[in-house]
Structures are given as structure tokens and as C-alpha cells.
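All chains, please: the whole structure from these sequences, using the hints.
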Amino acid sequence: MYERKKMTFDRHCIMTALWVVMASLSMLEAQSGQINIQSEVDKSTITIGELIQYKVKVTHTPELEVHWPSLGSNLGAFEIRDYKLFEPVEENGQLSSVIRYTISTFDTGSFVIPPLIIDYASKNDSARQQIQSEPLLIYIKSLNPSQDGDIRGLKNQSEVSRDFRTIILIASLVLLLFILAVVGFIYYRKKKQGISFLEKPAPPPLPPHVIALQKLDELKKKQIYIAGESKAYFSELSEIMREYIAGRFAVITLEVSTFELLQELKNKQPNLKEVSSIESVLSTCDLAKFAKYKSNEAEAISTMESAYTVVHATKIVDESDTQTNDGPADKPAEATALPTNQNEDSPIS
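Once you know that position 196 of the sequence shown is 180 in the working numbering, the rest is easy, because the numbers rise by one and skip nothing.
Hints are not guaranteed to be accurate.
Restricting the straight-line Cα-Cα distance to at most 20 Å, the calculated cross-link-like pairs of lysine to any residue (SDA-like) are [said to hold, decoys possible]:
#1 K204 - S264
#2 K125 - E63
#3 K68 - Q37
#4 K39 - P72
#5 K199 - A216
#6 K206 - S279
#7 K273 - F243
#8 K204 - E227
#9 K39 - L121
#10 K257 - S290
#11 K39 - I101
#12 K299 - G231
#13 K68 - V50
#14 K27 - I87
#15 K39 - E75
#16 K68 - S54
#17 K39 - S28
#18 K299 - R226
#19 K41 - Q22
#20 K215 - E289
#21 K199 - S261
#22 K299 - A234
#23 K204 - V194
#24 K199 - K273
#25 K199 - K215
#26 K41 - N20
#27 K107 - T45
#28 K39 - V25
#29 K39 - L59
#30 K27 - Y67
#31 K68 - I36
Ranges of calculated distance between the beta carbons of each label pair, as one might list FRET restraints [stated by the list, open to error]:
#32 L138 - R173: 54 to 60 Å
#33 I236 - E202: 21 to 27 Å
#34 L35 - F70: 15 to 21 Å
#35 D201 - R173: 38 to 44 Å
#36 N108 - T31: 45 to 51 Å
#37 Y171 - K257: 53 to 59 Å
#38 L164 - L35: 55 to 61 Å
#39 K41 - R112: 17 to 23 Å
#40 Q37 - N140: 41 to 47 Å
It should be emphasised that the hints constitute simulated quantities derived from the structure, not laboratory data. Every residue gets a Cβ at the ideal spot worked out from N, C-alpha and C, and that includes glycine.
Shown next, in the form of C-alpha cells:
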């Protein structure tokens, strides 16, 4: 092994010497052409993986243009980790350009940074010439040098005896105590607030037709149309019907016109027979709300009866739902007549 390392070192030395001779000849030729190149590293002996700052400086007259190599330059066994080309700086009537490489390698031994070949040409002549830097010898040491080699084999893993039954028992006890603590805290909070620990589930939501019938009954009891508040009456009736249609047929009814509502209802329920009745109720409500329209008590009663009829005719009948507020569930119930004044046709505004 020693002889092989010695042969490798000798070979690197011979190659370095050849590169030095070639670089010297190139430098002599370049100096005569008013251009000079210098190369240096911040350290020539490093440990494996350590970074090296490799800098190449070219000094030339302003009449020359320097063409630096690309990032993929061949630096032998060294890997380019960073690359920076500085702007030219004028020094004593000449321009100095510097390129700096940050390089490293993960091999051990002696390695040479090969010469960096740079093209240059005169501004008045497109023919390019070349100049190259000096090769630099770098020695890379191992982190843990030894006679047995750079990399040692792995040692056998040591076995640590464990009593898994004890670990599982302790973990179970800790988990049980944590659960008891959480349950106790919740019980204490609820008892302090006067809430039962086992709360009853919330009742299921009422069907849309039950809600609509309840609201129609409440509107009927208010008798606000008698007091001359026909707009408020028809506005509330329209809102009740729109909420029912939205819950019963899953149709968007808010912030849309009656025409748009009916179009979407026809698209989702093409076989619905009560569409004309719904249109009649909503159209009458729109006239009373938005137009200068004088309605009377008879029209208010008729519109309310139509709303009851629509709800009863389109509701979803459940087996347990045998009777509603205004009649049996198996057939539409007639709406209770609204109280009227002596003059049935007297206008209300």
C-alpha cells in the first residue's frame, strides 16, 4: 500500500512539473503581448471536504478583451461549490479581472488544480489567443488518519436489556390517569355552570312545511292587513313562501327575482304542478310590495289561502306525520278564513 501511494504521489509530481513548464512558456508569450495571469489558493493543505478559495487574476491592457471560461470549467478532482467573476478594475493604466472559485474534494492524497485556460483577443482583431494559469498542488488529509485505513468498519451494536412489560404497564397507567383527569375537569366545569354532564342531543330540525305553516298561522293572527299595512303583510308572506321553497326544493330564493326563482324551480322540478300557484302568490306579493297597487282584504285572504294550499300540496309526508296544524297530512287542508271587515272590497294600502 505504501508503494502504491508513493507511485501515485510521484505521478502527480511529474504531471505538476509538466504543467508548470507549459504554464511558464504560456506566461512568457502572454507577457510579451501585454497580458499577465496569476493564480493562487488560500491554503495548499486541507482536510477532506474542506473548502478552498482558488483565485485567478488576469492583468491586461485596455486594448485586449478577456473571455473567461464557463462555470463548467475542468478543475480536475475538485468540485466547484461556488463561482464569482468580479468586475474589471483599473490599476496603473491596465485592467485587472479576477475570478474566484470555491472548490473542495472528498478524496485523500495529493491532487493538482489543472491550469485554467483563458481566451483573449484584441478589440481590433477577432482572432483569439489563449493564456493559462499555473497548476497548483493541493494535499488533502484524512479526518481520522490511522494505519488501518481511512475508513473503519462499524462496531457491533450493543444490546440493552429492556423489560417491555414494565414499560407498557407504566404507559397504560399514565394514559389512564390523563383520561381521568380530562373527564374530571370537564365534569367540574359543567357542574359549576349548572349543566348536566350527559347533555341531551339537540332535537332534529323541523321539516320546511311545519315551519312554513307555523309562520303562516302567526301572520294570520297579526291581522296587520286590517290596519292598512298591506305592504308589510305581503312582504312577510313572500318571505315565508321563499324560505319554504328554498328548504323544500333546495332552490336559491334570496336576492333573486320571482322570475329567476321560478326558472330555477322549473329546471329542478319540471313535473311540479304547483308552479303556477307559487307564481300567483309571489307575483301578487311583488305587486303589493313594489308597485303603487291598492290591494283589498279579499285579495289578502285569497293569497293566504293559496299559500296554505301550496304548502300542503308540496310537503313531504312522513308516516309519523298524520296531522298538521291546519288539517290532515294525507290531503291538503283548507285554509281558515281570515277575519274581514264589513266592507270586503274596501281597499287597503
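Do the alpha carbons of K39 and P72 lie within 20 Å of each other, as the hint requires? Cα-Cα ~14 Å, so holds.
Straight-line Cα separation of K39 and I101 no greater than 20 Å? holds, 13 Å
Sort out whether Q22 lies within 20 Å of K41, counting only the CA atoms. holds, 5 Å
Against the range 53 to 59 Å, how does the distance between the Cβ atoms of Y171 and K257 compare: consistent or not? holds, 56 Å
When you check the alpha-carbon spacing of K68 and I36, does it fall within 20 Å? Distance ~14 Å between K68 and I36 Cα, so the pair holds.
Holds or violated: K199 to K273, with C-alpha atoms at most 20 Å apart: holds, 19 Å
Status of the given 38 to 44 Å range, CB of R173 versus CB of D201: For D201 and R173 the Cβ distance comes to about 41 Å; the hint holds.
Given the hint that K125 pairs with E63, test it: the Cα-Cα distance must not exceed 20 Å. holds, 17 Å
Against the 20 Å threshold, does the CA-CA distance of K199 and S261 hold or violate the hint? holds, 19 Å
Compare the distance between the alpha carbons of K215 and E289 with 20 Å, and conclude whether the hinted pair is satisfied. Given pair K215, E289 holds - Cα atoms ~18 Å apart, limit 20 Å.
Can you confirm whether the C-alpha distance between K199 and K215 stays at or below 20 Å? holds, 17 Å
Take a quick look at whether K39 and L59 sit within 20 Å of each other, Cα to Cα. The hint holds at about 12 Å.
Violation of the numbered hints given earlier is absent; every hint is satisfied by the structure.
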